[in-house]
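**Q** One letter stands for each residue in the lines below.
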Amino acid sequence: MNAQKLMLVFTSAPYSNSNGQEALDVALIGAAFEQDVSLLFLHDGVFQIKAGQQTSAGIKQTTKAFAAVNDFGIDDVYVHDLSLIARGLNTEDMMVDVKEIDTKAISSLLNQHDRVLTF
Amino acid sequence: MNAQKLMLVFTSAPYSNSNGQEALDVALIGAAFEQDVSLLFLHDGVFQIKAGQQTSAGIKQTTKAFAAVNDFGIDDVYVHDLSLIARGLNTEDMMVDVKEIDTKAISSLLNQHDRVLTF
Amino acid sequence: MNINVLVTGGLYSTQCAYSAWRFCRAAIEAGHKISQVFFYQDGVSQSTNLSVPLADEFDAVNQWAEFSAQHGCELVVCVSAGERRGVIGAEQAGEFGLPGSNMHAAFRVEGLGVLQAASLEADRMVTFK
Amino acid sequence: MNINVLVTGGLYSTQCAYSAWRFCRAAIEAGHKISQVFFYQDGVSQSTNLSVPLADEFDAVNQWAEFSAQHGCELVVCVSAGERRGVIGAEQAGEFGLPGSNMHAAFRVEGLGVLQAASLEADRMVTFK
Amino acid sequence: MTTLFTLNKSWYDSAWLYEQLVFASEGDVVLLMEDAVLALGSPITLASFLAKCSSANIAVYALIDDVSTRGISNQYPSVNLLGYNGFVDLLIEADKQVAW
Amino acid sequence: MTTLFTLNKSWYDSAWLYEQLVFASEGDVVLLMEDAVLALGSPITLASFLAKCSSANIAVYALIDDVSTRGISNQYPSVNLLGYNGFVDLLIEADKQVAW
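Residue numbers (the working numbering), protein chains in the order written: chain H, 23 to 141; chain S, 23 to 141; chain U, 65 to 193; chain C, 65 to 193; chain Y, 27 to 126; chain E, 27 to 126.
In case anyone wonders, no lab produced these hints; they're calculated from the structure.
Please read all numbers here as calculations on a predicted model, not as lab measurements.
Certain hints may be false.
Which residues of chain S face chain Y? A partial, calculated answer using Cβ under 7 Å [claimed, not checked]: (1) Asn92; (2) Thr113; (3) Ile128; (4) Leu132; (5) Asn133; (6) Val138; (7) Thr140.
Some chain C residues well away from chain H (every beta-carbon gap over 10 Å; in silico) [stated by the list, open to error]: (8) Met65; (9) Arg89; (10) Leu118; (11) Glu121; (12) Phe122; (13) Asp123; (14) Gly158; (15) Phe160; (16) Leu162; (17) Thr191.
Capping the alpha-carbon separation at 30 Å, the derived lysine-lysine pairs in DSS-like fashion look like this [claimed, not checked]: (18) Lys121(H) - Lys86(H); (19) Lys121(S) - Lys27(S); (20) Lys78(E) - Lys86(H); (21) Lys97(C) - Lys86(H); (22) Lys78(E) - Lys121(H); (23) Lys122(Y) - Lys78(Y); (24) Lys82(H) - Lys97(U).
Note that CB positions come from ideal geometry on N, CA and C, so glycine has one too.
Next up, chain H with everything else stripped away, as it sits in the complex (with noise of 0.2 Å):
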């Protein structure tokens, strides 16, 4: 059996519901199975990764995971330019490093993708 490239794509914002944290789970497992794993993050789902979130009393920070991913052999972090844009939001804002490619690119690297699971 091969290893295959699978991609997580997040696009929902965090603490709103639990699909940033089952989606990770998923990435991280994949990657435990040494596959080929990248993350790509489009929409509300760039909030998942926004720097300066707070903790409030009896609900979880679930996103601090996701600075670890480089730890998890998970190098290849994408936002979707446009995202960040309609949200006055930019790269910098990120608590990982990230590469912020456009639609058209978006669209390429699905293509390369054997597995792609969007949450």
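Please arrange chains S, U, C, Y and E on chain H, whose structure you already have, making use of the hints.
**A** For chains S, U, C, Y and E alone, coordinates are given in the frame of chain H:
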């Protein structure tokens, strides 16, 4: 205890979730308690009462019940004009007699109700 | 004032359990009364006694149970919404011949009429979804 | 071909149970194999043995069980997604000292690794949400 | 009668609702919470909505807990941040709530 | 490699995704299902999306079961209606699926 004016607002389309069915259940209980109940359909909620829905194997056609709301003493059924227009629909596409109203009229209507529940 | 709370969102698909719980605590602190929290639609999932949240996750079920015990507020689960979704009290389990029940003892099952009656008695009603 | 199915949506907040079930039947009819249906996120609710849908509602749990019995397809529930949401197998109930379990016997509990392994073996993977 | 409109949906998913001013009218109050606070970080996104609210005499608040959890820095001086205690006060001061 | 993009979200909630052509590229296939079929009843709503798909050589299908359940009459000749068997064929013909 005086009767309250209760409004149910339908904002999502049928079949993809149970919002329509469960909002209607609240409306019918309100009517059974002899409250003054009205229904408002807006955004994709207008599809709840679209005529011409066909049953499909194993899927419940929840919206048939809307055709009978008059029998339960619910006579005030409102539809948002812009929501219809944006979807290429008009009041003749609806399976019940509806009053078509604009955004401003909806604001006034909300003001006149004691309880407003959105689904 | 007497506030009636309606909760309709799921545990991990919405933030509604947390938002409603924070609101209820703030209302009590301000001297108001939460007469009832009514769980409807996917909100019924907030009453299961089988959930095992992670240590750092918000434990909605037990937080509601504790809130109710401290402040005497009723936690009511809609019977039909619960039956559809598999959130079942002990009596229902017997009635339908189900293999068990899974509702936390701090909650009780009622019909939508109880929500309607509470709405009539309350000074304010507030929905979290 | 060998198709792996991932199901992540809730029973009454999405149409995903129905869509996935219709797809799986059509795939079998076309001569393909559904190796596994994996239930993740709110999709775990499709495995409860406590739901009582109305007579004219789609009975996802029993339809999946019947489909699995007829076509030998594995129904796998994600352990962590289930524990968070209170969907619990018999073993887990003992492990956590819970008052009971509520998973239908046609389903079994596994970690996400099983999804990853099935994805590697399958010719196609399809998600319903 | 005045109404408290609570809004927990992201502008980026539900712009139509903001365009309708969430069906509020003069004297009503809007509280942005949960995903509705996300747009507060962009100085452009909510400008038109807030201008229309202002001229219609509709006050707009945001729940500070949801703002800080998400790491948003509010770009709109006309939006007052408040806690759950302020939320409770808004409900009591209004005659009813509508939850979008 | 070609991709099957399945889309189950209403245009009226998720226009941004349609504006990005659901990130499909030449030779890919789009299947509208569940709430994504709602907009097929309006001759205007999907016109721009479908024109762009057509010029990018992206085929667009819709699931007939979801169309008829909702009572929608499809206004777009370029959108082919198919059943679940057709859905299965699309998945097999593509190299993978992306579910929006």
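**Q** So, for every hint listed, does it hold in this structure?
**A** Status of each hint after checking the structure:
Nearest Cβ of chain Y to the Cβ of Asn92(S): about 25 Å, over the 7 Å cut. The hint is violated. Hint on Thr113(S) is violated. Least Cβ distance to chain Y is approximately 19 Å, over the 7 Å limit. About 5 Å separates the beta-carbon of Ile128(S) from the nearest beta-carbon of chain Y, less than 7 Å, and the hint is met. Nearest Cβ of chain Y to the Cβ of Leu132(S): about 6 Å, under the 7 Å cut. The hint holds.
Nearest Cβ of chain Y to the Cβ of Asn133(S): about 5 Å, under the 7 Å cut. The hint holds. Interface hint at Val138(S): satisfied, since its Cβ lies 5 Å from the closest Cβ of chain Y, which is below the 7 Å cut-off. The beta carbon of Thr140(S) is positioned within 7 Å of a beta carbon in chain Y (closest approach about 6 Å), and the interface hint is therefore held. Annotated as non-interface, Met65(C) keeps its C-beta farther than 10 Å from every C-beta of chain H; the closest such distance is 15 Å.
For Arg89(C), the non-interface assignment is confirmed: its Cβ lies about 23 Å from the closest Cβ of chain H, beyond the 10 Å cut-off. Consistency note on Leu118(C): stated as away from chain H, and its beta-carbon is indeed over 10 Å from all of that chain's, at 27 Å minimum. Interface exclusion of Glu121(C) from chain H stands, the closest Cβ pair being 25 Å apart, more than 10 Å. For Phe122(C), the non-interface assignment is confirmed: its Cβ lies about 24 Å from the closest Cβ of chain H, beyond the 10 Å cut-off.
The Cβ of Asp123(C) lies farther than 10 Å from every Cβ of chain H, with a closest approach of about 26 Å, so its non-interface assignment holds. For Gly158(C), the condition that its CB be more than 10 Å from all CB atoms of chain H holds, with the nearest at approximately 24 Å. A cut-off of 10 Å between C-beta atoms confirms that Phe160(C) is not in contact with chain H; the least separation is 19 Å. With a least CB separation of 21 Å from chain H, Leu162(C) remains clear of the 10 Å interface cut-off, as annotated.
For Thr191(C), the condition that its CB be more than 10 Å from all CB atoms of chain H is violated, with the nearest at approximately 6 Å. Between Lys121(H) and Lys86(H) the CA atoms are separated by roughly 19 Å; this keeps the pair inside 30 Å, and the hint holds. Of the pairs offered as hints, the one joining Lys121(S) and Lys27(S) holds, with about 17 Å between alpha carbons and a cut-off of 30 Å not exceeded. Pair hint Lys78(E) plus Lys86(H) does not hold up; C-alpha atoms about 39 Å apart against a cutoff of 30 Å.
Among the hinted pairs, Lys97(C) with Lys86(H) is inconsistent with the structure: their alpha-carbon atoms are about 40 Å apart, more than 30 Å. Restraint check for Lys78(E) and Lys121(H): satisfied, since their Cα atoms lie roughly 27 Å apart, inside the 30 Å limit. As the CA atoms of Lys122(Y) and Lys78(Y) are separated by approximately 22 Å, the hinted pair is consistent with the 30 Å bound. At most 30 Å may separate the alpha-carbon atoms for a hinted pair to count; Lys82(H) and Lys97(U) meet this at roughly 28 Å.
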